[in-house]
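Residue numbers (the numbering used here), protein chains in the order written: chain D, 1 to 115; chain R, 1001 to 1111.
Quick caveat, the hints were computed from the structure, so don't treat them as lab data.
Model, not experiment: these values are computed from the prediction.
A portion of the hints provided could be inaccurate.
The calculated SDA-like cross-link candidates involving lysine to any residue, where the alpha carbons are at most 20 Å apart (straight line), are [unchecked claim]:
1. R:K1093 - D:K24
2. R:K1098 - D:H29
3. D:K24 - D:F65
4. R:K1098 - D:R85
5. R:K1103 - D:M60
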Amino acid sequence: DAGVIQSPRHEVTEMGQEVTLRCKPISGHDYLFWYRQTMMRGLELLIYFNNNVPIDDSGMPEDRFSAKMPNASFSTLKIQPSEPRDSAVYFCASSLTGGLGYEQYFGPGTRLTVT
Amino acid sequence: SQQGEEDPQALSIQEGENATMNCSYKTSINNLQWYRQNSGRGLVHLILIRSNEREKHSGRLRVTLDTSKKSSSLLITASRAADTASYFCATGKGSNYKLTFGKGTLLTVNP
């Protein structure tokens, strides 16, 4: 299995621009999680999906952030408009119901820099 | 608020020594997991321990869980330079699959 795939790996954009991060979970996994990691705040859960349905988006910082999962093999996290404080590494992870139950498999992350 | 808090924040040891990291949490859980993150990479799952378990082993890893003290420890025996990484504990509760991560312990193993 290729593991969780994220693109792009690095993104540099100017303040005010729209940013779209992409994630392909492991085939067959029914949970998908989006995290943000910064030195100051550590690893924060932004939103997670089960069977393509958003379950908990309480970690999404504000309305500038939105996430979708149109099918079982693809999810996007969009920031519009982006701000310098959004600079962070964004991780996608997936999990399988009934496996170990809770083990999450992480992608390599997207390093976002907003100037 | 963060559920898991690792201690120490940073640990530096010599190759061959054992490394012990601790995690404390605040509310009841049904499982606790440890993950490793190498610099610039995603997190990798190491081991999971359920709330009704007290100790678990996997290779050179030993995890303990004390639910009465709401704490866990991760022991890496005979450490290697390749063990240099950040180690995170994560707690799960309830019937959902959501995890809450601590801020991690940065382990440096010097050759």
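Q: Compare the distance between the alpha carbons of K1093 of chain R and K24 of chain D with 20 Å, and conclude whether the hinted pair is satisfied.
A: Outside the cut-off at roughly 26 Å; violated.
Q | Proposed proximity, F65 of chain D with K24 of chain D (alpha carbon, max 20 Å) | A | Holds, at about 19 Å.
Q: Decide if the proposed pair is consistent with the structure: K1098 of chain R and R85 of chain D, CA atoms, cutoff 20 Å inclusive.
A: Violated. K1098 of chain R to R85 of chain D sits at ~25 Å, over the 20 Å cutoff.
Q. Between K1103 of chain R and M60 of chain D, does the CA-CA distance stay at or below 20 Å?
A. 19 Å, holds
Q | Distance restraint between K1098 of chain R and H29 of chain D, which requires alpha-carbon spacing of 20 Å or less | A | At roughly 14 Å apart (the allowed maximum being 20 Å), H29 of chain D and K1098 of chain R satisfy the hint.
Going down the numbered hints, you'll see the structure goes against 1, 4, while the others check out.
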